[in-house]
Amino acid sequence: MATRTKSGRHGWAAVIRTPLGLSAGLLLLLVLLLAVFAPVLWSHQASAIDTDHLLEGPSASHWLGTDNLGRDIFYRVLVATRQSIALALLATAIAVVTGLLLGTAPAVLGRRAGRLVTAVVNVAVAFPGLLLALFFAVIFGVGAKGAVLAIGFAGAPAFARLTQTLVAGVAARDFVAAARIAGAGRIRLLVRHILPNISEPLVVNATIGAGGALLAFAGLSFLGLGVQPPAYDWGRLMGESLNSIYVHPAAALAPGVAVVISGLAFNLFGEAVAKGLGVESIGVTRYRRCSEDSAQPEAPTSQYVVEDVVLSVRDLRVTFLGPDGPITPVRGVSFTIGHGEAVGVVGESGSGKSLTALAVAQLIEPPGQVSAERLDYLREPLLDTPDADRRQLLGTSFAMVFQDPTTSFNPTKRIGAQLAEGAREHQGLTRQQATTRAIDRLRAVRVPAAERRAGQYPHEFSGGMRQRAMIGMGLMGEPALIVADEPTTALDVTVQRQVLRLLESIRTEDGVALLLISHDITVIGQVCDRVLVMYAGRIVEDLPATALATGARHPYTRALLAAVPDLDTDLEQPLAVIPGRPVDPGRLPSGCAFAARCEFADDRCRTEDPELETQLDEGHRVACWHPQVVELGWPIRMGQR
Amino acid sequence: MTISSSQLRTTGGMATWSTHPWVRFGSRRLARLVISLLALVTASFLMIHLIPGDPVRSALGPAASQSLVEARRESLGLNDPLWVQYWHFLRSLVTGDLGTSITTGLPVSDVIGDRLPATVQLAVAAFVLAVLVSVPTGLVMGVLTRGGRRPRAELSFTSVSVVLAAIPEFLLAVGLVYLFAVKLAWLPVAGRSTPASYVLPVLALAIGPAAVLARICRVELLSVLQTDYLRTARAKRLPAATIYLRHALPNAVTATITLGGLLLGGMVAGTVLVENVFGWPGLGSTIVSSILSKDYPLVQGVVLVYGIGVLLVNLVVDVALALLDPRSTIRES
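Each protein sequence line maps, in turn, to chains A and B.
Here the first sequence is numbered in the numbering used here, starting from 1 and rising by one per residue.
Here the second sequence is numbered in the numbering used here, starting from 1 and rising by one per residue.
Where hints are given, some of them may not hold.
Said to hold, decoys possible - In the SDA-like style, the derived pairs of lysine to any residue whose C-alpha atoms are separated by at most 25 Å in a straight line are:
#1 A/K413 <-> B/R234
#2 A/K413 <-> B/Q226
#3 A/K145 <-> B/P62
#4 A/K413 <-> B/P250
#5 A/K275 <-> B/R146
#6 A/K275 <-> B/E154
#7 A/K275 <-> B/S156
#8 A/K413 <-> B/S293
#9 A/K413 <-> B/F25
#10 A/K413 <-> B/V317
#11 A/K413 <-> B/R146
#12 A/K275 <-> B/T145
#13 A/K413 <-> B/P62
#14 A/K413 <-> B/S156
#15 A/K145 <-> A/V125
#16 A/K413 <-> B/L249
#17 A/K145 <-> B/T137
#18 A/K145 <-> B/V317
#19 B/K183 <-> A/E56
#20 A/K413 <-> B/L222
#21 A/K145 <-> B/L292
#22 A/K413 <-> A/S462
#23 A/K145 <-> B/A43
#24 A/K275 <-> B/L164
#25 B/K183 <-> A/G70
#26 A/K145 <-> B/G53
#27 A/K145 <-> B/S58
#28 B/K183 <-> A/L253
#29 A/K145 <-> B/M47
Hint data in this document are derived by calculation from the structure and do not stem from the laboratory.
Everything numeric in this text was worked out from a predicted model, so none of it was measured.
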């Protein structure tokens, strides 16, 4: 069938190959084989009455002893497998079929009738299955037949809900819409296009559901509401022997163990299949072992001198443990930020710019590791400062603004309280003082009606206002540095301008240094004094923002600049892009990481990694064997590969 | 929840009562409760009429004379038209009259009033125990195993909780009886005479849900620890305890409460089985014995009480969620 999804048999076969899937599958097979053959082989032994051996304990002739009629409990448990499993499967079948009918009814019936069915299902789903089973057991009467119907119908609402969800998921897909437009009727649509695509999750859940039905049936039989004598299943065996548990515990425990094992077999197999199929569709991305890390050249030490240094970073590295060994997405980054200076970091996604910011902010969580020859903030070596001192220092003088203001505020706390808590912690303010300060800071970042807004939750703020509140949070102390990680990426263009202007005005008015991370080189050029261009975890060019327009030397920087469309861009032509893809930090080439995408690359570029060195004038560093000195001004040709 | 004046103020003067999120949430939730309640009452009314054959005949047995059956049918009002019976049923429900037990002749409401406290005690004690054990365990495990730390502790925690959660409460009950009452003789096998007799039934009911809750709690905490807002909290350089308790906990428990509510609803039903294992004098033993003796008015009354119990639990859970996570009042539509 054309509309079938592709996971299919391959997924099921893969499940058997996992240890859990294999053992659950074997266990399930054993249980099913017992259900088929045990009554054929042993029903005679199981029903043989031996009045000389009543209620005996385990012995050589009766492994688990005998019941009150002298019948062998071991064989009775084995033989009861068929009754227990068959009834559970029957009940599951009823649950699945009824659930399918109820669940697809909204798709088949009209709008109003469909809503009614959905409402009924919604009400029924709120009640626990056992309660529903008891309810139906009253209607259908005590006994195996009544219990099968009761458990079947009690399980139906859950399957109906599942079916509804699955159908809704598939019905929204393109091929169903196409079939609908092609004039397929509701029933045809359902049978030909929707059902085949939801069959797999349904089967998986039915397997898990069978485990649940088995337990439920054991429960009903245990209560005396299910299988009636002389027939017996595991629940019945347990119920009958509970009264003699003092003299004969094995008789009560053995059927219980059988129930748990079989229930687990169904459950685990279903879960393993579900997991197997799920993993199959998601796909696992694995990091390869990174190339020789020790071969990395030492980071250059030449720095142009800034009188009042806020942040000084030398040879900063961030390492994570990948599944195939450590990977180092930030490899030896060195820079300084002066008092009141605005430094931009630009690069594609995956260039390590955000990790650099997080490492500077001491926000890399283990298993990530940060190392640096030097990481000084306000002359304090952050990596060697005791935790409490470091928290106090950063808590009062270091501000962080994150990319997505929607997710960066705690949804369960009021904005004012979120601003205030840092000040209470580090500045020793009372709740009252901190709240007053928070309102004042909200006003400072131009949040209107600050007092009322402070009492609101994040979801009551607009995106731009949330980002301003985030900046206000950074201003609760006396920040010397604001690190803003893509602060405008999640905002729309007009709001972007407001937020950038706010950052600029804070910088000029309060002399706060700014480290602005962005993938947008124009934003950086507008706001910053200096630009660090990052590629594959290293700085490839460090240049004054004024030189950006004409003096960029590194081919990557020039490519970034060329990719920016402006008013003169011919919209008839395809937009300029940088060919190739960013380097996977787990698979770094031996030479310059950009060589594969660079039109000027030669053999040296592919074997030797260039160092970041001062070029021509102070304050301009480039890591390139072939720095381009031609003035920008005529269109840059991009490498064609 | 009382709506405090500050909350009204913060949403602004322009918000009238009808547009206030709490009012909208309350009315919507109330409507859902009323609909579910009506469905429950109707279902329990129809239950008796859906039984094939004559419920009175099957309750009194084949030996009963036709005149006795007729007289009983007349006294139960079963000869009236269905809608008249429904109306009578609703009317007497409002006055708290649930009919008369066929087997004992006692008012059903008296039997329920007599039995309900034992069941409620059992369910509440088990729920409190499950929450008190599982939430701290799950959170501590989450903190200890965050970011792939201590893989061995994680493996043993996961496998123990999976196995415990897979054992149904009545099997657990039988196992506990065997171990603690028969083998070790530390605790009574059955009954509700001493405080010690509470231990095993409460444990049997609490262990499974506690295992599930602890697992969910850990997973939730791990996902909360990954969120941007927790990074923000770290960026504020708050102490670890503040970050976990003030920022992570309220967000991690929302899903835990949703699931906890389902489990509590399940616990209400689980009491039926556990009570029967321990001969606990609650509603659970009553419903089973009354189903077996076909005492339908009593069954009807107990089913109603169980159903209302579940609906109340769901209501409490929704309100608790709304208090903890203010978005949930807005999110649902």
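Comparing the hints with the structure gives:
no. : hint              : in the structure
1   : A/K413 <-> B/R234 : holds (15 Å)
2   : A/K413 <-> B/Q226 : holds (18 Å)
3   : A/K145 <-> B/P62  : holds (21 Å)
4   : A/K413 <-> B/P250 : holds (9 Å)
5   : A/K275 <-> B/R146 : holds (22 Å)
6   : A/K275 <-> B/E154 : holds (19 Å)
7   : A/K275 <-> B/S156 : holds (20 Å)
8   : A/K413 <-> B/S293 : violated (55 Å)
9   : A/K413 <-> B/F25  : holds (19 Å)
10  : A/K413 <-> B/V317 : holds (20 Å)
11  : A/K413 <-> B/R146 : holds (24 Å)
12  : A/K275 <-> B/T145 : holds (22 Å)
13  : A/K413 <-> B/P62  : violated (67 Å)
14  : A/K413 <-> B/S156 : violated (35 Å)
15  : A/K145 <-> A/V125 : holds (23 Å)
16  : A/K413 <-> B/L249 : holds (12 Å)
17  : A/K145 <-> B/T137 : violated (43 Å)
18  : A/K145 <-> B/V317 : violated (36 Å)
19  : B/K183 <-> A/E56  : holds (17 Å)
20  : A/K413 <-> B/L222 : holds (19 Å)
21  : A/K145 <-> B/L292 : holds (15 Å)
22  : A/K413 <-> A/S462 : holds (16 Å)
23  : A/K145 <-> B/A43  : holds (21 Å)
24  : A/K275 <-> B/L164 : holds (21 Å)
25  : B/K183 <-> A/G70  : holds (24 Å)
26  : A/K145 <-> B/G53  : holds (16 Å)
27  : A/K145 <-> B/S58  : holds (17 Å)
28  : B/K183 <-> A/L253 : holds (13 Å)
29  : A/K145 <-> B/M47  : holds (17 Å)
Of the numbered hints listed earlier, those contradicted by the structure are 8, 13, 14, 17, 18.
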